[in-house]
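2 protein chains.
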Amino acid sequence: MLRTHTCGQLRKTDAGSQATLCGWVDSYRDHGGGLFVDLRDRYGITQVVFNPPDSSAELIERSKLLRSEYVIQVTGNVAPRPAGQENPRHASGGIELRATELVLLNKSKSPPVSPSDSVTELAGEELRLKHRYLDLRRSKMQRTMMLRDKVVKGMRDYFADRGFLDIETPILGRSTPEGARDYLVPSRVHHGAFYALPQSPQLYKQILMIAGYDRYVQVARCFRDEDLRADRQPEFTQLDLEMAFVDADDVIAEIDGLVAKLAKEVLGADVPTPLPRMTYDEAMERFGHDAPDLRFGMEIVDLTDLAPQSDFGVFKSVVEAGGRVRAINAKKGTETYSRRGIDALTEFVKGFGAKGLAWFRCEEDGTLGSNIAKFFSPELLKQFGERLDAEPGDLILFSADQFAGTCKVLHALRTKIAAEQKLYAPDQMSYSWIVEFPMFDYDEEAKRWVAMHHPFTAPLDDHVELLKTDPGKCRAKAYDLVINGSEAGGGTIRIHDSTVQSQVFSLLGIDTETATERFGFLLEALQYGAPPHGGIALGIDRWVMLLAHLDNIRDVIAFPKTQKAADLMTEAPGAVEGKQLKELGVKLDG
Amino acid sequence: MLRTHTCGQLRKTDAGSQATLCGWVDSYRDHGGGLFVDLRDRYGITQVVFNPPDSSAELIERSKLLRSEYVIQVTGNVAPRPAGQENPRHASGGIELRATELVLLNKSKSPPVSPSDSVTELAGEELRLKHRYLDLRRSKMQRTMMLRDKVVKGMRDYFADRGFLDIETPILGRSTPEGARDYLVPSRVHHGAFYALPQSPQLYKQILMIAGYDRYVQVARCFRDEDLRADRQPEFTQLDLEMAFVDADDVIAEIDGLVAKLAKEVLGADVPTPLPRMTYDEAMERFGHDAPDLRFGMEIVDLTDLAPQSDFGVFKSVVEAGGRVRAINAKKGTETYSRRGIDALTEFVKGFGAKGLAWFRCEEDGTLGSNIAKFFSPELLKQFGERLDAEPGDLILFSADQFAGTCKVLHALRTKIAAEQKLYAPDQMSYSWIVEFPMFDYDEEAKRWVAMHHPFTAPLDDHVELLKTDPGKCRAKAYDLVINGSEAGGGTIRIHDSTVQSQVFSLLGIDTETATERFGFLLEALQYGAPPHGGIALGIDRWVMLLAHLDNIRDVIAFPKTQKAADLMTEAPGAVEGKQLKELGVKLDG
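Residue numbers (our numbering), protein chains in the order written: chain A, 316 to 905; chain B, 316 to 905.
It is possible that part of the hints are untrue.
One copy or two, it doesn't matter: identical chains are merged, so the pair holds either way.
Each computed SDA-like pair below joins lysine to any residue, with the alpha-carbon atoms no more than 25 Å apart [stated by the list, open to error]:
(1) K894 - H505
(2) K445 - T484
(3) K422 - V779
(4) K670 - L703
Since the hints were made in silico from the structure, they are not lab data.
Small disclaimer: the values here were computed from a predicted structure and weren't measured.
With the hints as constraints, model all of the structure from the sequences given.
As structure tokens, this is what we get:
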């Protein structure tokens, strides 16, 4: 090794010894007689001093040629810093290295993106991506990468300790026509045929269960050719697992333990398990969303039974049409939202399909007031107030629409207001399970049922009959882990009974031929002794972001804002030679 | 969980307790009054007995419907097996489960590929691949997958303990026109442009060093669109690592420790470190190959100085033409190889470019005899015998040719004879390093130098001058790990000095424009403070095979023999819809 220590290793107890460090010049200050250099590596920063008597005149001369990001090897004497010059921000801030030798390992051009924490202004996203190696040299990026390493190792160790096998599944597979677009890879050997990059190892892990591997885990790369979206990347990594001879509770219990372990190891937090669980139906009723943010309350209150007693036409007609009238109470909301603020909220909800925003404020005397108060009797408003637990200063916001519409609007309002009212601490964490999702969504346009998860999801044991009688009511053995209002992952118990599988296919309008074409390999495997099985997939990068309390965009550019930035991030695709295309049997179009 | 124990868990100490097991019916025997079932999961086999009094008549009746590979859940009483019926081959062979309850979890059609060890005849390769889930249910396959999990975990733990960061590098990248063919992925957003799947994370890991990550490791998926070859797969996995501020010795020392750890953990073997090292030049002299099998001796002996003293025209003319006369001594070779056997060896070496095979046998009296002995004086033969340490019964085999030709022939002979003479035990292991490879090969056809590793490989410090004066003599900071005569991996120290890099490019005939086009991102990064760095990549699957002492082809089909088998293995690519191709801006050719 070219060094004896890292730049984060030396302590006062090392004073009096010799050391050799390697690293980058983070910053330097010329004192006339000598030079101070902050030397940086991923372990920390150590102050190097080029001064007599330790440094020779020739050495000091050479040191003055050092510039930002030069790579050097320095040998010197470890000494405690003079009193008052200690730097408590660095672990090695109590000492300095008084240089006796200097080797210039490499120069650097002046960096267009500064890796130094001493430069607080961040360069633009595209410039940072163009010089990714410089942006990745910043301590915040390095800490995040180290955190990710720790999280992934924590996950792997947890599952290894619990008897899971880490098995790699193929990247080159067959295209499945579900969900997002596959990335395609033309085959050279079979002209006109394509491999597909996997959107998840779903099929493979089910095959592994059928093959008897019993407990499988993988940190798996997945690919989706989606258009640029804020929270999607072309390739991403998920913690993927599958277990045989289990039901939903068993999978959930494994992940509960993982959540508690990571919270403890990364955040030092005690997370009690089992984590709270809520059915999908309850989540939609109380929070209007299947990934509710439980860091704060502001639950949705239903007023559908009371609303028609008013003279307010909108409420009456919505209820008559089978809709719902629901509301949230933004505590002390009148302090945050003036009339102009409420106008802004009204504009905001229009973006979520609302025609307007009915509201009441709770006055000093506890009564509810509003520009629509005249349509409501004082008695009715009193009942509203009681049900909403209204206190002076509160702001009540309504949504009157079909159920789904009210969910959309009130979830959006609730999330926006909580952020604006700062209802949770930046480092607060909330973990919960949403369970028993619907098996099917009804596609109004196509006039048919579609699978909410995927067509291999098992219904609840006592809902199998509903497949025949009332598919819309049929609930699945499906479970999502929700962290801070984000879906961190989800899974299901799979169908292992071919009769139930046929019923589900027929409900989804997938005939035998189509099913065989799409899923033939799995369907055949199900005939040869498939055990009951299920699993889950968790998004690792999102979880790391949440654990790191990072501002994704600003800090690490996990999700680039522009197509150009996205291209810089993945390395833009390039041209290939015509010869190569010919070998692949492929022509460019036009 | 649907079970209380696995099928490999119950012991005599559990006798008297109740247990519930889940698994597959490995085999069953009807005794008239009842049924014995060997129940299997990946943990082992437990005998389940359906017999009165534990089993009811109804239960016994139902049990008789069980068939091979049915999946069942059985509850029963754990009891020691009757004396004399214990099965020492199974960890749970001392007990049996006397069934009180049976749940049929799933049926199985009659399996075309039997997962049971009781069936010793293996099905054909293509049938096994078609029903991969059944082949993967065999205990040998499961043990191999578990071993692989253990090896990979052992690797990850080792490097984590040593401060390496596990960092994922992208799969969608830019095509680099070196080496094997890239798999290409057409971009939907940029018509006519393609991503490439990485042949290795080489570029990325160098960027990570430049970005200051210092010690990087990854179990990395790599892709090469090569034609079917016995030891190549379209996608494979390598242990990939890179370190900053190191020289070759530092990288080698890290891997030495890993080899010793895995040998201990997997084989229980003590492997002394540092592992033996040999230069490339020495390996070619002594063994004729850069991945010599050191499980046995049979070293190559040079006779070029003595050969021209004979009247044997072939030897004389070869030496005159600057060639070499070299030989190996197959100890007791005359016992293995009759005259007909030697004829077979002669045919064999013709496949490696030899025109014939000169040989001598060592007679009872210690003299050398042969059909060509008349061309050699007794004194000369005595010198041959002494140099080759010939003893009665030994067989001396020659190659006379240019150096490279003799290497090829004698390496092939040495390897073949060692296998045929069983010169090593099946579980014998040998690990060594070959170091200081040539920087360049001379491509006679193209009349130019080509990089032996890749154009970023650094020359030995005291060989930099040779870049100008004698590139063929220039040796690199390159090192290969060799296990049992197979290259298990290789690495180099990289050039971090842009002057040296330019020299190498110009030697390779790569002009600045081409270099920029191909490697621009890296070349630019080298300008911004690149530290000295180097690394290595090791083939994980080959290593697992070696550690498992597996017969690859027969046991696990790592390398399929036919294109059809290869397609079954990777899942054959499939057709995609015209709409998808249109979105990609791609047409099929013809």
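Now for the hints, and whether the structure bears them out:
1. K894 - H505: both (16 Å within a copy, 20 Å between copies)
2. K445 - T484: The answer is between: 16 Å across copies meets 25 Å, while 33 Å in one copy does not.
3. K422 - V779: So K422 and V779 pass the 25 Å test across copies only (20 Å; inside, 70 Å).
4. K670 - L703: Only inside one copy: K670 and L703 sit 23 Å apart there, 98 Å across copies, limit 25 Å.
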